[in-house]
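Work out the full structure, taking the sequences as your base and the hints as a guide.
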Amino acid sequence: LHMLAFRGHFASKSRHFSVTLGSLRQARHDWRLGQTADTDRPDDVAESTLVVGEWEFLGLGYLTSGDAALAASIAAQAREARALRYPANQLGGMT
Numbered sequence: 299l300h301m302l303a304f305r306g307h308f309a310s311k312s313r314h315f316s317v318t319l320g321s322l323r324q325a326r327h328d329w330r331l332g333q334t335a336d337t338d339r340p341d342d343v344a345e346s347t348l349v350v351g352e353w354e355f356l357g358l359g360y361l362t363s364g365d366a367a368l369a370a371s372i373a374a375q376a377r378e379a380r381a382l383r384y385p386a387n388q389l390g391g392m393t
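What the sequence shown shows, in the working numbering, is residues 299 to 393, in sequence order.
There's no promise every hint is true.
Restraint ranges, calculated between C-beta atoms of paired labels, are given here [claimed, not checked]: (1) 352 - 383: 42 to 52 Å; (2) 321 - 355: 47 to 57 Å; (3) 385 - 359: 32 to 42 Å; (4) 327 - 350: 27 to 37 Å; (5) 364 - 326: 50 to 60 Å; (6) 369 - 321: 53 to 63 Å; (7) 351 - 329: 32 to 42 Å; (8) 386 - 353: 40 to 50 Å; (9) 325 - 347: 26 to 36 Å; (10) 351 - 327: 29 to 39 Å.
In short, the hints are calculated from the structure, not lab data. Here a beta-carbon is modelled for each residue, glycine too, at the ideal position from N, C-alpha and C.
Below, the structure is given as structure tokens:
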């Protein structure tokens, strides 16, 4: 903005010569209230949000030993692929 002759931060403008942020905020608030008043919805209908949620702890880990073996196999394949893609000298000795 300094190239357009607006020196300083946008929020540090003089209140005597410009619109304040508070008045802009109030104008936006008033406009939104006017927009909601124009709808065909009755005024006595309160907006509500139904939140349905209940968390319950069901367990930790794998359900079967087969699931654990499958996960271990996938992890080993990922480690091998990473070792082939990035040799030890590129990772500083880490694999």
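Going through the hints against the structure:
no.: 1; hint: 352 - 383: 42 to 52 Å; result: 44 Å, holds
no.: 2; hint: 321 - 355: 47 to 57 Å; result: 52 Å, holds
no.: 3; hint: 385 - 359: 32 to 42 Å; result: 34 Å, holds
no.: 4; hint: 327 - 350: 27 to 37 Å; result: 32 Å, holds
no.: 5; hint: 364 - 326: 50 to 60 Å; result: 59 Å, holds
no.: 6; hint: 369 - 321: 53 to 63 Å; result: 60 Å, holds
no.: 7; hint: 351 - 329: 32 to 42 Å; result: 35 Å, holds
no.: 8; hint: 386 - 353: 40 to 50 Å; result: 44 Å, holds
no.: 9; hint: 325 - 347: 26 to 36 Å; result: 28 Å, holds
no.: 10; hint: 351 - 327: 29 to 39 Å; result: 32 Å, holds
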